[in-house]
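The whole structure should be built from the sequences, with the hints applied where relevant.
Quick note, the sequences are listed as chains A and B, same order. Heads up: the first sequence begins at 1 in the UniProt record's numbering, then just goes up one per residue. Heads up: the second sequence begins at 1 in the UniProt record's numbering, then just goes up one per residue.
Don't read these hints as lab results, they were simulated from the structure. Here the structure is a predicted model, which means the values were calculated and not measured. C-beta: ideal position from N, C-alpha, C; glycine also. Among the hints, a few may not be true.
[Stated by the list, open to error] If you anchor each label on the Cβ, the simulated ranges turn out as follows:
| # | chain 1 | residue 1 | chain 2 | residue 2 | range |
| --- | --- | --- | --- | --- | --- |
| 1 | B | S177 | A | D177 | 32 to 42 angstroms |
| 2 | B | G154 | A | Y8 | 49 to 59 angstroms |
| 3 | A | V71 | B | G154 | 52 to 62 angstroms |
| 4 | B | A174 | A | S191 | 39 to 49 angstroms |
| 5 | A | R147 | B | S177 | 52 to 62 angstroms |
| 6 | A | I75 | B | L179 | 35 to 45 angstroms |
| 7 | B | G175 | A | V71 | 51 to 61 angstroms |
| 8 | A | R90 | B | G175 | 27 to 37 angstroms |
| 9 | B | G175 | A | R167 | 43 to 53 angstroms |
[Claimed, not checked] Chain A regions said to be covered by chain B (calculated; three or more residues, Cβ under 8 angstroms):
| # | stretch |
| --- | --- |
| 10 | 103-116 |
| 11 | 268-274 |
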Amino acid sequence: MFIELAQYVLNGLVLGALIALPALGLTLIFSVQGFVNFSVAAQMTVGAYAAWLAGAYVGWSPVLMLALAFVVPGILGIVTDRLALAPIRRQSSGHTALMLAVVSIALNLAIENALRFIFGSDLNSFDTPIERNVQLWGLSFGPQQMRNLATALVIALALAAFFSLTRWGKAMRAVADNADLARLKGIDPKSLSNLATFIGMGLAGVGGSLLAIDTSVDPSTGSRLLLVIFAASVLGGLTSLYGAVLGALLIGVIGEVALIALPPVYQSLTAFLAILIVLLVKPTGLFAGAAGVRK
Amino acid sequence: MISYLLFIGTLTAIYALLSLGLVASWGQAGMVNLGLVGFFGLGAYCSTLLTLLGLPIGLAWVAGGLLSAVMGIAFCLLTRTLRGDYLAIVTLGFGEGLRLVELNERWLTGGSDGISGIPAPFKAAAGELFPWLYFAIAWGIVLLAAWGLNRVLGSPFGRALRAVRDDENVAAVAGKSVLLLKCQAFGMGAALFGLAGALYAHFTSYISPDNFVVQLTIYIFLAVTLGGYSRLVGAILGAVAVMSILESSRFAAEFVPGLNAVQIASLREFAIAVALIIIMQVRPQGIFGLKNEKARAPAQPDTAPASVVSSHVK
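Right, dumping it as C-alpha cells:
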C-alpha cells in the first residue's frame, strides 16, 4: 500500500516536472506583460514537432533536439506576439487584459490548426528504443522519465541562475515587480517583453518535446494540458516562478494520486478542482503575495 | 436544399442566442466567459435528461437555463475578490472539465456515444412542417430574448452595468452594488447559454461531448466582436455572419484541389481564429459599427468621468 502510494507520488513528480516548464513560461510572460497568454499550450506542440522533426527525421542528438525545441517556439512566440497581441496591448482600455486573453485563445487555436494542416491529426512517436524500467526499493523508474526529470531540473536551475545573476534576468524581475519604476530606471519594456516571450515560449516548447519523447506528438498535445498548466500557474500565484514550479509538482502529484480513486481521464478535472479550492481558500495562490487580487 | 437552409437557419438562431448571452455578460458588464461552451453543454444535457425523465420540454428548457445561471452566479461569487482573468480561467476550466464528465460518466451521458433520440416539441403533430416550426420557435426565442435584453439594458440597471464594465471603482463609489450587478449580468448570460444548449439538444435530437468543444466559444466571440461587442442587433448579425463564413468555407474548400478532410477542417478553424484576431485589432468596435451608448441614454454621467478618474488612479 505504502509502496503503491509512493509510486503514484513519484509518477506525479515526473509529470509535475514536465508541467513546470510551460507553467514557468506562462508565469514569466504574465509577470512581465501582465496578461495570460493561452497560446503557451500550442507552443508546447510546436516545440514537440520541432524536436520530432529533428530527432526522428534528421537524427539530431537529444541536446540539439531540445535546443531546437526551445528556439523554434521562442521565435514563433515573439512573431505571433508582435503580430497578434502587441497591437491589442497598445489599445489601452480597462479590459485590455481580457481582450488579450480572448485573442490568445484564438491564437492558440490558429497555431494548433496550422500544425494540423501541415502534419495531419496522426500521433507521431519518436521511435526511441524500448528500455526496461529500473526497479529500486520496490519502485519502478522509467529511464526516459528520469531523464525528463533531470532535464527539467537542469533547465529550472539554469533559469534561476539567469534571474538572479544576469543583468537581463534582474531587469525582468524589476519589470515584474513594478513596470513603471523599471522604465524610469531605463529598462526598455519592449525588448524585455520580447525576451520574456522568447524564454517563456521556449520553456513551453522544451516541456512539450519532453512530453512527446515520453509519449507521442499530435496537434493537440499541448492544448490537452492547457488547464493543468494554468492550474499550476494559478496555484503558484501567477507571478512567482518558484510558485509555478511548486504548483506544477503539486498538480502532478494530486493528479496522479487521484488516480487511485478516479479514472485517468479526469486529470484535467482534478487540476480544475484544485484551482477552485485554492481560489476558495487562499485566493492569492499558495506561494505568492497579493498578485491576483484586484488593486 | 430547403431543409439544409432551414437547418442552418435554426443553428444560426442558436448561435444568435449564445451571442446575445455573451453581449449581456461581456459586452455590457465586461466579464469574459471563456467557458460558454460549458454552460451551453450544461443546458443541453440538463434539458435532455429531464425530458427523458418525463418532464415537459418547455419546463426542461427553463430548467436548463436556470441550472446554467446558478452555475454562472456561483463562479461569479467564487472569483469576486479576484481580477477578471481569474473568472476567465475558472470558466475555461469549467468548460473543459464538464466535457470530461460528459465523456466519462457513461451511466448519465452515454459517454462519447452521446444521447440520441431526444424528443422535440410537436414533432409528431407538425410532421413535414417540423423544421419550419422549430425554425420559427428558435427565432421567436431569439427575438424575445433580444427584446427583453433591450429593455433591461436600456434601463438604469443597464447603465449601471456599463459603469461597472468601464470602471468598477467609480461604479462602487457611485453607490452601485458591483458584485450584485456582476452576478446578475453573468447569470443572465449563462442562462441564455443554457437555454441555447437546450434548444440545440432538442433540435438535433442528438448530443455528444463532440458538440461542446472550445471552438464554439471562439465562434461566438467572433460573432459578438463582429457585431460591435456591446450591441444586441450586432450580435445577431454577427451570428449570421459567422455562420455564413463557416458554411460558405465548407463549399469554398471543395474548390481547392489536393486537400484532405482534416486539412479543410483545420483551414476553416484557422481562418475563423485569424479573423477574430484581425477584427479585434483593426476594428474592435465591430464591422457593423458601434452605436453610441451615451446617445441611447443621454442622462448617463457614469461613463464620461470614469476614464478621467481611472487615469488618475493608475
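Against the structure, the hints:
no.	hint	verdict
1	B:S177 with A:D177: 32 to 42 angstroms	holds, 34 angstroms
2	B:G154 with A:Y8: 49 to 59 angstroms	holds, 57 angstroms
3	A:V71 with B:G154: 52 to 62 angstroms	holds, 54 angstroms
4	B:A174 with A:S191: 39 to 49 angstroms	holds, 41 angstroms
5	A:R147 with B:S177: 52 to 62 angstroms	holds, 56 angstroms
6	A:I75 with B:L179: 35 to 45 angstroms	holds, 44 angstroms
7	B:G175 with A:V71: 51 to 61 angstroms	holds, 55 angstroms
8	A:R90 with B:G175: 27 to 37 angstroms	holds, 34 angstroms
9	B:G175 with A:R167: 43 to 53 angstroms	holds, 50 angstroms
10	103-116	holds (count 9)
11	268-274	holds (count 5)
Of the numbered hints stated above, none is contradicted by the structure.
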